[in-house]
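Number of protein chains: 2
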Amino acid sequence: MKAEIITIGDELTSGSVQNTNATFIADQLHTAGIEVVQISTVGDDTPSIVSILRGIQHHVSFVLVTGGLGPTVDDITTKAAAEALRRKLELNKAALKAMEDRFQKLGRPMSPHNIKQAYLPSGATMIPNPIGTACGFTSAKSNTLFFFLPGVPREMRRMLEETVLPLIKKEHPDTELVRTVGLKIFGKTESYCDQALSDLIKEEKEIAFAFLPHYPEITLKLTMRGNDKKFIEKKLKAVERKVTKILGTIIFGKNGETLESVVGSLLRSQEATLSVAESCTGGLITHRLTNVPGSSDYLERSLIVYSNRAKKELLQVPATTLNRFGAVSQETAESMAQGIKRLGKTTLGLAVTGVAGPAGGTSDKPVGTVFISLAHKRQIITQKHLFYGDRSQIKFMTSQYALDSLRKYLLTI
Amino acid sequence: MKAEIITIGDELTSGSVQNTNATFIADQLHTAGIEVVQISTVGDDTPSIVSILRGIQHHVSFVLVTGGLGPTVDDITTKAAAEALRRKLELNKAALKAMEDRFQKLGRPMSPHNIKQAYLPSGATMIPNPIGTACGFTSAKSNTLFFFLPGVPREMRRMLEETVLPLIKKEHPDTELVRTVGLKIFGKTESYCDQALSDLIKEEKEIAFAFLPHYPEITLKLTMRGNDKKFIEKKLKAVERKVTKILGTIIFGKNGETLESVVGSLLRSQEATLSVAESCTGGLITHRLTNVPGSSDYLERSLIVYSNRAKKELLQVPATTLNRFGAVSQETAESMAQGIKRLGKTTLGLAVTGVAGPAGGTSDKPVGTVFISLAHKRQIITQKHLFYGDRSQIKFMTSQYALDSLRKYLLTI
Chain A
7 MKAEIITIGD
17 ELTSGSVQNT
27 NATFIADQLH
37 TAGIEVVQIS
47 TVGDDTPSIV
57 SILRGIQHHV
67 SFVLVTGGLG
77 PTVDDITTKA
87 AAEALRRKLE
97 LNKAALKAME
107 DRFQKLGRPM
117 SPHNIKQAYL
127 PSGATMIPNP
137 IGTACGFTSA
147 KSNTLFFFLP
157 GVPREMRRML
167 EETVLPLIKK
177 EHPDTELVRT
187 VGLKIFGKTE
197 SYCDQALSDL
207 IKEEKEIAFA
217 FLPHYPEITL
227 KLTMRGNDKK
237 FIEKKLKAVE
247 RKVTKILGTI
257 IFGKNGETLE
267 SVVGSLLRSQ
277 EATLSVAESC
287 TGGLITHRLT
297 NVPGSSDYLE
307 RSLIVYSNRA
317 KKELLQVPAT
327 TLNRFGAVSQ
337 ETAESMAQGI
347 KRLGKTTLGL
357 AVTGVAGPAG
367 GTSDKPVGTV
377 FISLAHKRQI
387 ITQKHLFYGD
397 RSQIKFMTSQ
407 YALDSLRKYL
417 LTI
Chain B
7 MKAEIITIGD
17 ELTSGSVQNT
27 NATFIADQLH
37 TAGIEVVQIS
47 TVGDDTPSIV
57 SILRGIQHHV
67 SFVLVTGGLG
77 PTVDDITTKA
87 AAEALRRKLE
97 LNKAALKAME
107 DRFQKLGRPM
117 SPHNIKQAYL
127 PSGATMIPNP
137 IGTACGFTSA
147 KSNTLFFFLP
157 GVPREMRRML
167 EETVLPLIKK
177 EHPDTELVRT
187 VGLKIFGKTE
197 SYCDQALSDL
207 IKEEKEIAFA
217 FLPHYPEITL
227 KLTMRGNDKK
237 FIEKKLKAVE
247 RKVTKILGTI
257 IFGKNGETLE
267 SVVGSLLRSQ
277 EATLSVAESC
287 TGGLITHRLT
297 NVPGSSDYLE
307 RSLIVYSNRA
317 KKELLQVPAT
327 TLNRFGAVSQ
337 ETAESMAQGI
347 KRLGKTTLGL
357 AVTGVAGPAG
367 GTSDKPVGTV
377 FISLAHKRQI
387 ITQKHLFYGD
397 RSQIKFMTSQ
407 YALDSLRKYL
417 LTI
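Quick mapping for you: the protein sequence lines, in order, are chains A and B.
Residue numbers 7 to 419, in this note's numbering, belong to the letters of the first sequence in order.
Residue numbers 7 to 419, in this note's numbering, belong to the letters of the second sequence in order.
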């Protein structure tokens with residue numbers, strides 16, 4: 007079962023935006039057991055679109071096309087599709103109705119520009135867009151089924167998941183089973199993990215091991231194909247256990263889990279509460295923690311104490327500590343962690359202070375110097391780091407190590 | 007002057023990693039005045055690579071290929087390239103020497119696997135890789151020049167910038183000039199802007215207008231090509247002024263500017279200072295503000311008051327206000343804005359409170375209900391919004407409208 011992906015847009019051929027649509031569709035098709043043999047991108051140019059649509063390989067069952075379905079003059083995909091498939095454009099009643107309903111719901115008048123969007127190649131079937139005005143459509147030619155979707159990522163994703171993938175699965179119900187599990191790793195390099203697992207990778211020939219780095223994390227993706235669902239799932243679980251035994255706590259979660267969701271689950275299961283004092287991260291740690299639904303159950307408050315005055319007034323960091331050791335020091339970080347824990351009356355207090363740059367570095371505390379302190383009962387644990395990179399990288403790495411140190415601590419109590 | 011880009015790798019066709027190489031190369035070529043007519047991606051499969059290399063359009067001057075030059079068995083691009091270009095593979099002395107030097111520098115022995123990498127198609131010229139072992143190569147066929155580069159992004163980028171782009175510019179020194187300006191828009195739809203500018207777009211035929219949506223913002227990219235640098239720059243400036251006159255304050259910045267950097271510049275030029283109280287955004291507003299270098303000059307502090315206790319204790323929001331109107335109300339938002347302004351002793355106090363969901367909504371305050379208050383001197387301005395989407399979308403839209411209301415207010419004082 008093979009597919010091609012075609013993405014259309016000058017913003018892609020000029021490198022103005024990342025082509026996230028192609029990656030998303032490829033991943034979804036791959037997971038559904040369909041092999042993507044080619045991904046092509048062309049600009050908003052009728053001859054190019056017609057030529058790429060006509061050049062599809064004969065053995066391909068599905069072609070997924072995104073982009074160029076909007077109301078503006080440079081949205082020419084539908085017309086080019088009609089030409090490539092040798093069909094006429096005609097007013098599609100289902101598409102018109104869907105668009106009228108959409109505009110009524112929005113309480114806005116429908117412009118003539120929009121009506122253009124309801125003209126589809128003859129014989130095409132409309133694909134509803136639950137969150138936008140541009141509907142999609144599907145059209146068959148010889149043994150190939152074409153799907154045309156808008157380029158707006160969140161609209162395309164909804165339509166792919168709700169309509170296109172179910173249609174594909176219906177067309178080919180006997181697709182080979184594919185099961186994957188993604189183990190999320192932080193704290194070691196890909197080479198380290200690859201070497202640590204090398205014997206296991208050689209032994210377990212039925213499983214495909216792939217390392218997908220998305221700095222600073224790595225996802226180890228285990229994939230198994232076959233027809234016996236029970237056997238595949240049992241085997242995958244067994245290999246997952248072996249991997250976990252070898253790599254230990256550098257695996258922080260799996261599949262859709264994030265470092266912050268794992269920290270949240272641990273706080274909840276330990277019935278612990280948290281307050282945070284952030285300096286150089288400027289709110290990023292708390293932003294990540296509050297991305298998790300229900301985080302108000304364990305997160306009491308956070309203070310972003312950018313100024314020394316705020317550190318003194320709000321957290322009672324002594325002026326002598328700030329003067330003697332500086333705002334970026336182990337002493338200040340510890341005083342901040344104890345201060346926020348006391349103020350929030352929480353089980354744990356987490357504090358970070360550092361130099362995010364680009365200015366503010368000194369020879370003994372260069373840009374990237376960061377202290378992370380965690381206060382719990384009478385205990386206080388402090389880490390010192392030196393991160394490289396620009397301001398946003400230093401902010402992110404600080405938030406990452408702060409959350410990870412919290413995670414590792416919660417595993418021990 | 008036209009080019010094609012070909013990226014090779016199973017990790018791309020399976021959607022495991024973002025194809026950042028294609029975007030980077032497309033952007034660099036576009037900036038150099040070269041039109042990218044197609045971007046293609048195929049997996050690590052010899053027939054596919056050969057077929058895509060042979061299918062290049064005849065009028066294309068340059069083909070940039072990435073991926074598959076490494077030492078492992080699935081790195082087959084060089085062999086496929088030799089087949090496609092009908093050349094033999096032969097040991098390239100410059101490539102071998104570069105690799106030997108590299109391994110000596112690393113203090114590691116060179117394996118037979120690596121020697122494979124020094125075999126290039128006959129007649130090819132080696133492209134040095136200053137930071138890795140896989141060198142690249144360039145090879146001509148008819149009127150087309152092919153460049154083969156490794157897939158590791160940082161290696162590819164260095165080689166593109168240091169060798170490939172200078173070679174391309176040398177081949178075609180009379181390359182047409184391209185100048186672009188990106189105007190960043192928030193608060194109206196693409197259709198609205200397109201319609202508002204329709205007369206101007208018709209009039210200004212020398213300028214290409216492209217709308218690049220990256221929700222919830224839109225970049226309007228104006229591009230002009232030609233040979234007279236002065237004329238192009240003057241013309242672009244004039245059209246930029248016309249666009250700004252038509253669209254007004256929904257244009258918040260241009261090119262690399264962000265909403266938070268523009269807010270920062272306005273605060274700085276007005277000599278204003280800011281404190282923030284965040285509830286439903288959980289630190290995101292402050293995270294965005296502190297992404298801007300030097301933000302500590304105008305940002306005094308932020309409090310993330312998730313609990314009612316924190317709102318009362320830290321911001322002196324009266325218990326009666328919380329009880330009578332609720333934590334998500336105009337009254338609470340205004341009390342928070344005044345409280346944080348007083349506490350931070352700053353010119354401005356910004357506060358948000360809302361229901362980010364998925365839980366916590368009621369019939370009169372459903373998920374997505376948000377109040378944004380801005381306190382300045384004795385004045386207080388409050389907006390009520392109802393945002394759609396999931397938790398992270400509601401958080402983001404709240405931060406976006408909060409920063410934008412601050413921007414618009416700063417334009418008036």
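Everything labelled a hint here was simulated from the structure, so no lab data went into it.
Watch out, some of these pointers could steer you wrong.
Since the list gives no way to pick out one identical chain from another, each pair is judged satisfied if it fits inside one copy or across any two copies.
[What the hints assert, rightly or not] Simulated crosslink set (EDC-like; lysine to aspartate or glutamate; CA at most 16 Å straight-line):
(1) K176 <-> D303
(2) K211 <-> D80
(3) K208 <-> D80
(4) K227 <-> D16
(5) K94 <-> E196
(6) K236 <-> D16
Now the hints, each set against the structure:
no., hint, verdict
1, K176 <-> D303, "neither (43 Å within a copy, 60 Å between copies)"
2, K211 <-> D80, "between (49 Å within a copy, 14 Å between copies)"
3, K208 <-> D80, "between (51 Å within a copy, 13 Å between copies)"
4, K227 <-> D16, "between (33 Å within a copy, 11 Å between copies)"
5, K94 <-> E196, "neither (53 Å within a copy, 28 Å between copies)"
6, K236 <-> D16, "neither (46 Å within a copy, 26 Å between copies)"
Checked against the numbered hints listed earlier, the structure breaks hints 1, 5, 6; every other hint is satisfied.
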